[in-house]
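Novice: This is what each chain is made of:
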Amino acid sequence: MSHHKLEVKDLRYSYPDGHEAIKGMSFTIHHGESVGIIGANGAGKSTLLMLMMGVLFPSQGEVSVADVRVTKKTLAMIRQRLGMVFQDPDDQLFMNTVYDDVAFGPRNYKLDEKEVEKRVLHALELVGILHLKDRAPFKLSGGEKRAAAIASVLSMQPDILVMDEPTAALDPKSRRRVMELLTSFHHTKIVTSHDLDMIYEMCDRTIVLKKGEIAADGATSEILVNAELMDSCGLEVPLALQNCPVCGTKKV
Amino acid sequence: MSNIMSSLYNMRLLDDLARQETVIHKLHPLVKLLTTISYLIVVVSYGRYDIGRLLPLILYPVMIFTLAELPVKPILLRILLVSPFIIGIGILNPVFDNQIYLLGQREISRGWVTFLSILLKSGLTVTAALLLIATTGMDRLAAALRMLKIPRIFVLQLLLTYRYISVLMEEVARTLRAYSLRAPEQKGVQRSAWGSLAGQLILRTFDRAQRIYEAMCLRGFAGEYNTGGFKQIKVGDLAYLVGWVFFFATARVYNIPMLIGSLITGVIR
Chain A
1 MSHHKLEVKD LRYSYPDGHE AIKGMSFTIH HGESVGIIGA NGAGKSTLLM LMMGVLFPSQ
61 GEVSVADVRV TKKTLAMIRQ RLGMVFQDPD DQLFMNTVYD DVAFGPRNYK LDEKEVEKRV
121 LHALELVGIL HLKDRAPFKL SGGEKRAAAI ASVLSMQPDI LVMDEPTAAL DPKSRRRVME
181 LLTSFHHTKI VTSHDLDMIY EMCDRTIVLK KGEIAADGAT SEILVNAELM DSCGLEVPLA
241 LQNCPVCGTK KV
Chain B
253 MSNIMSSLYN MRLLDDLARQ ETVIHKLHPL VKLLTTISYL IVVVSYGRYD IGRLLPLILY
313 PVMIFTLAEL PVKPILLRIL LVSPFIIGIG ILNPVFDNQI YLLGQREISR GWVTFLSILL
373 KSGLTVTAAL LLIATTGMDR LAAALRMLKI PRIFVLQLLL TYRYISVLME EVARTLRAYS
433 LRAPEQKGVQ RSAWGSLAGQ LILRTFDRAQ RIYEAMCLRG FAGEYNTGGF KQIKVGDLAY
493 LVGWVFFFAT ARVYNIPMLI GSLITGVIR
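Heads up: the sequence lines are chains A and B, in that order.
Oh and the first sequence: position 26 is 26 in the working numbering, straight run, nothing missing.
With positions in the second sequence counted from 1, the corresponding number in the working numbering is that position plus 252.
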């Protein structure tokens, strides 16, 4: 199943204003892995995602998906493999009904309308919002919007799911629901977030970014408990692992 | 501000109405679009003093309201929204065009007649357009426009504007709220801040447009906005179009109120 593999080799990227956002990163993500990418603001998380999706192209090095290098020519194929859920669902839900939005991707790949319908209904059912299919996206709650955004990517049946802050701005119950939803997928998952508790629960592997470089890459259970490393990267040990605020008992 | 937010929630009423399943809603969108266009052309084509001959055309909106089971009040309210502009255009007519017009035994200024005809025409055209949206919905309307070979860039523009009006209005409302919270005892926005407020909004709009475009590209967007398959135009759809166009043409060529009038007076005599 090599088509689920994502490889980043000596990646460098500078913004037009000269700011070097990514300063040489290399890693490989294999089939079925769920990887958290964490780092302080400005560490390069979003830029990295954009490079993976081929929205930006590296100044040096390369990204390859299933052994195919991300270039302008391979974009269509790459984007079918990689589905990205944006941080703000309003950016992603641009059609006038949820159904049309989820159907947007499949229709662009010129599937016939029966197949489109099948995929849309399946995707909506997976995220549990089949009953909202005829609603206008702007009328949904935050959690529902997020679910719709995830469905709009699932309908393209990607091999790899890329998510930018999937739990941001959600109330605790909706956050929990989205997390359960994501855990239930067997896709290869790449998640960036500041919600370290979510990363701790959902991802087996974590890559920590610091000022455009990889500061650590390894098992989540080892990295997130490393208070010294987290602190030096502008992060903190997840709340669930910190000392109990009432009795002060140490957890780690 | 509360006005902005409340109109935001009312805005999509037409879309909600468009989701019903009545005889009119089930018609092919292209047929409805063409009927509306021919209606608009006929209404606009009448002369300035032809109020009487316009009257039979009221039948069209009345029929659509009834057959499509649309609520009259909210749609009429939307027509009132544009009425200030219409009144602004026509209000000076009675002053400038003050020749005498005989209405039965009474003399009135001809300006009042033209003013009334402007009101009536705009009322009818705006109603027809609103009814089209309320029975078709923006998406299907856009698909119908595409069938008429309107360039896709215009159609796309229309759909995206329609979708993002609410997002932009929310952004405006948020900005204004933030402003008013830090500027107590001020009415409205101070002139010195107009520029930066508008500038901020425009920059944010650019940003968002960029992100939306990226989101579209990531899902395989290549310039064509695919709104799904379409059913064929059926005989019933065609009959609907032909029937209305025939009626509009008759109303344009013959003076129906006059005919009915002379028929009745003829019977009385």
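It is worth saying that the hints were derived from the structure and are not from the lab.
Beta carbons: idealized from backbone N, C-alpha and C, even for Gly.
Possibly wrong hints are sitting among the right ones.
As the list claims (entries may be wrong) - In silico DSS-like cross-links for lysine-lysine, where the CA-CA straight-line distance does not exceed 25 Å:
id, chain 1, residue 1, chain 2, residue 2
1, A, Lys-23, A, Lys-9
2, B, Lys-483, B, Lys-439
3, B, Lys-483, A, Lys-118
4, B, Lys-401, A, Lys-110
5, A, Lys-210, A, Lys-23
6, A, Lys-139, B, Lys-483
7, A, Lys-114, B, Lys-486
8, A, Lys-72, A, Lys-5
Claimed, not checked - Covered stretches of chain B, going by a simulated chain A footprint (3 or more residues, C-beta under 8 Å):
id, region
9, 264–273
10, 336–344
11, 503–512
Novice: Broken hints, numbered, in rising order?
Specialist: Hints 2, 6, 10, 11 not satisfied by this model.
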